[in-house]
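Participant: Now for the letters of each chain:
Protein chains: 4
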Amino acid sequence: MLKTALIGCGRIGRMHAEIVNASSRTHLTLVHDVHGPSAASVAEASGARVAETAEAVFDDPDVDAVIVASVTSTHADYIEAAVRAGKPVLCEKPIDLDIRRVLACRDAIAGTDVPIQIGFNRRFDPGHTAVRDELASGDIGRLLQLLITSRDPAPPGDDYLRGAGGMIRDMTIHDFDLARYLLGDDEPVEVWACAQALIDPDLKQMDEVDCAMIVMRTGEGRQVLINNARQSPYGYDQRIEAMATGGMLQSTNRTPHGIARFTASGTDAGAPYLDFFIERYREAFVHQLNAFVDTVEKGTPASPSFEDGLKALRLAEAAYQSLETGKATRVET
Amino acid sequence: MLKTALIGCGRIGRMHAEIVNASSRTHLTLVHDVHGPSAASVAEASGARVAETAEAVFDDPDVDAVIVASVTSTHADYIEAAVRAGKPVLCEKPIDLDIRRVLACRDAIAGTDVPIQIGFNRRFDPGHTAVRDELASGDIGRLLQLLITSRDPAPPGDDYLRGAGGMIRDMTIHDFDLARYLLGDDEPVEVWACAQALIDPDLKQMDEVDCAMIVMRTGEGRQVLINNARQSPYGYDQRIEAMATGGMLQSTNRTPHGIARFTASGTDAGAPYLDFFIERYREAFVHQLNAFVDTVEKGTPASPSFEDGLKALRLAEAAYQSLETGKATRVET
Amino acid sequence: MLKTALIGCGRIGRMHAEIVNASSRTHLTLVHDVHGPSAASVAEASGARVAETAEAVFDDPDVDAVIVASVTSTHADYIEAAVRAGKPVLCEKPIDLDIRRVLACRDAIAGTDVPIQIGFNRRFDPGHTAVRDELASGDIGRLLQLLITSRDPAPPGDDYLRGAGGMIRDMTIHDFDLARYLLGDDEPVEVWACAQALIDPDLKQMDEVDCAMIVMRTGEGRQVLINNARQSPYGYDQRIEAMATGGMLQSTNRTPHGIARFTASGTDAGAPYLDFFIERYREAFVHQLNAFVDTVEKGTPASPSFEDGLKALRLAEAAYQSLETGKATRVET
Amino acid sequence: MLKTALIGCGRIGRMHAEIVNASSRTHLTLVHDVHGPSAASVAEASGARVAETAEAVFDDPDVDAVIVASVTSTHADYIEAAVRAGKPVLCEKPIDLDIRRVLACRDAIAGTDVPIQIGFNRRFDPGHTAVRDELASGDIGRLLQLLITSRDPAPPGDDYLRGAGGMIRDMTIHDFDLARYLLGDDEPVEVWACAQALIDPDLKQMDEVDCAMIVMRTGEGRQVLINNARQSPYGYDQRIEAMATGGMLQSTNRTPHGIARFTASGTDAGAPYLDFFIERYREAFVHQLNAFVDTVEKGTPASPSFEDGLKALRLAEAAYQSLETGKATRVET
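Residue numbers (my numbering), protein chains in the order written: chain S, 196 to 528; chain L, 196 to 528; chain F, 196 to 528; chain P, 196 to 528.
Note that these hints are calculated values from the structure, not bench results. No residue lacks a Cβ here, since even glycine has one placed at the ideal position from N, Cα and C. There could be a bad hint or two in this list.
[Stated by the list, open to error] With the Cβ distance kept under 10 Å, some of the chain P side facing chain S (calculated, not the full set):
id: 1; residue: S332
id: 2; residue: Q391
id: 3; residue: M408
id: 4; residue: V419
Please model the complete structure; the sequences and the hints are all you need to start from.
Facilitator: Structure below.
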């Protein structure tokens, strides 16, 4: 059992705690949160100890690995601390909102072999993984076009938005990584973005958007669309469509149960989709943890890696630059 | 162009008139209805002449073939008249409500080679036909179980019901024929029926039912369910499920257009199904007419035949007998 | 944490062990199996102790409740032992293959308030439960017809079949219980059955069947179909269709992930269904355990109860009698 | 009956001839094609006369209206001729490949009240129309994002491509018009295009593309994606997705019949989609003709109009300009 510590006991931290404890491979030993009562509450529910500081977590000899689910601005610091302490880390995305901080972090940890896995959970969704595997197998031919739909159930509050770094760095970054995961070696080289505050026009005042269509061209010319909206009345909408020379694959949404209704107002109607990522991607979070444990215990490469985290951010940067210029923007490498 | 006459200008007769005139292979020349204005109205819309009597239709030298869409009690008489006149006939189902009249008719026309086709239109539905063809091809293995769902959108009025001979002779008869069509040579040999007036309990007073489940066993032991209801709030429900050793085939319902709605009250909801047989089975009626023209012009065997009409009625008789005895009833042959 | 013991460490027992240990409400303390190594293996994986005898389980003061997953012939004995020991029991279905043994057991435990829950897991499937709740709410009107499809992925081996008591007692019994669950207070009063060995005709030699259609009529006249097959090439097929005066509800199958394939050989094709009950009904087994814990800890009535187990068996008996007589058979009460 | 003439007797001309003759409102009287045998063949099948020249068609006093289905380079000439002759015209798209010719034509016909309808058939598809009506009703809230998928079953031959004016003028132009139809008064003002020869890289030699993603922004900021491919192994793929504040609407593909297959290789698989526009949009072509007859007989405004034809072409021009510059391009008005 991997003795696992958790830094950050908010909503997503609590979910990690639960998953760590439900697994037969991991065990939650130590938790920390800047807000003491949050840490105490998770500790009580899970039988873990509380660390007063993040440093205490990294110093603790009884900790094999650390999950970082604290606010974004702390991620790079904690990654550096984990590397110094020699403790494998599974860190929530993004590494940082400022790409300069990410690059500095990269310099600081250069040459390390301490495993660093970034929390792009969608790579571990069974449906998305199956699309990736089918594409990689070649059975469906050569990939031509990729369309990723990602629509949140409801907009976050203004407080969240103010710290999130913009929709494209906060939300689309998952889709950038998912696109890269599905594309394999053929990286996006050019990004064009269209984004507006259409759902809530007041967002313009904080220079924020809530709907986006982003097109990327890969090195081999493939076309990728990312379609985002911050509000979806029918539930969290997470779909992939991969058009290939031999056919098309879709990874579709899932309903909480298999009920279909047939009435005078419609036929074969499913339930609204699972509400949000904690429900929709539960299996993905479990598989993500398993991959992390494999990395720690069996030495499989950490994936998605720190470099993946950086590359997703570079795509977000290119998208923001395109928004300003109206031009397709080359991705920095 | 086959010079075609029509006897019976009610709802289904008018539909036949339209289909005959829209076809490049047929032309409506003569119409008759006991209710003069109905005949006149169809004649005017289609450019056909009006015959004062049914006899005049069969005597007319300018008529190549006759479609009979008059009330059931006239069907056997008109089939006999058509045979005497040597005119091919496409006659709506059923041949008669009384099996003795059907048998007498069979005697009367014994030895004829005048084509007689019974209007079991569902055999010509593209989906149902495709199921039959797949089963016949053997690609899906040996058929084990067959489930036919047939639910009308809304119950007919009491007037209709009083003349209809009971739901099983009037409505289920289509499903008996469809089952036989799908089963090929393996005929149902035993019938068990369960039927009640569940939607409108007042029907019990006229000894009528509105919901039925009828199970048949074939000579080779296959199992067939027919599931009927006289009311379906989500539209006319017409489905086939064929379970075989290699997989399952369904012929599913069709919506008027391909709209899917995703809202807080449901996802991927289609429109209610097409309202009733004239809409749902329009293609089937067109293919049915083509098969009739092929029979007349090319000498292909009339199908479904008079014998098919008789056999469907024998299944209905067995079902009614089972309702009385509570026992599985052998089908007469 | 409910200190839970397990008797029977075969396939389904191992699944119970896993679910008990994954729950934050239960803890596996003691296991027993007549085959020692099976018990040892489960004990090792779960940290439980091994009991040499079943008696030792019931005598153990450190056991709060017992799950019985041993062979059917032991169920009634263990239920009686649990009652004598005052330990709540969750017992796999059926109570016994011989209804006389079930009735003797009922006499033996008469008057007890020790909770006895029978393992009809399907009642706890989220989709099936949602159908039940919608029906109970009345939103979809009055239920008219119920169709339950239950097809196993592949036939069991001959050894299993010889001890299983016949398909209708072994497999259909789940559907009998599910029907009763969905029907609420309106119990089936009459059963008619059609069953043959169609998939593997050799089964006739052991007087066994592999395909069945069973129709039941309820006290209020509702119609129920149960449709079974022992082989389904496309995966475990578990569906409900509830036709009501206001519309239709279906509880449909689930695929392992949301992939849809579109190729020249077909469009919108999902993956084959989850293989069998352990995968398909995993959530149901978890909810079943929670209901059991609620009964033990909060005193909610045990459900499905011993009486439910008896009633399902009476429906199976009526079905077998109908098979012999060809007649609809009254259900004993 | 509207006495209708047809200029152009190729594949799409023959389809128009059939539809004109199947309608009870129209009658084909006169046909012309530069290739005499094509005209003769349509004339024979439909009972129409043959005109030796296009001029003879416009001069014929026995012609009420003209359908133009000849090669694109003749469209503007024939529109001008129709206006001079005072004969209503239904002209296939596009008006011309060269926008200067379209503008000259506009000048030439300025002030006319002779009805000119452009053959953007997709506006008349029942599913697409239903989406438009639902959006217009406001029941689904405010439209935010529109995604149009349009993939041909197989690439056309090189000969066709050389005369087609480029995929975006030839194929995407339908989608530009469809987008405008669905958007109502909120016109696209900015276009950004990504297009490559991905399916057949040899197309680069003739400066042609076969895959495209085109994003448009409307005056009110709405986002529109058009997704094209010249090859779709699973059949002609024609879909709309409209994301709105109250939910999402899709207009989905249709299969030739309602068969679903369930086997070890997939579940609920439909047939491949209808092959191409003549099959997929048959109903649309019929409704299109009815709209044209309404315009001629009842004076309803011609729609889609000459201006609609021009505006779709302006969007194509903007897309081509964007391809060259990599920038979002303002649409000329």
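Participant: Hints first: check each against the structure and report whether it holds.
Facilitator: The hints, checked one at a time:
1. About 15 Å separates the beta-carbon of P/S332 from the nearest beta-carbon of chain S, more than 10 Å, and the hint is not met.
2. Hint on P/Q391 holds. Least Cβ distance to chain S is approximately 4 Å, under the 10 Å limit.
3. Satisfaction of the interface hint for P/M408 is found here, the shortest Cβ-Cβ separation to chain S being roughly 5 Å, below the 10 Å cut-off.
4. Taking 10 Å as the C-beta contact cut-off toward chain S, the hint placing P/V419 at the interface holds, the least distance being around 8 Å.
The structure shown violates just one earlier hint, number 1.
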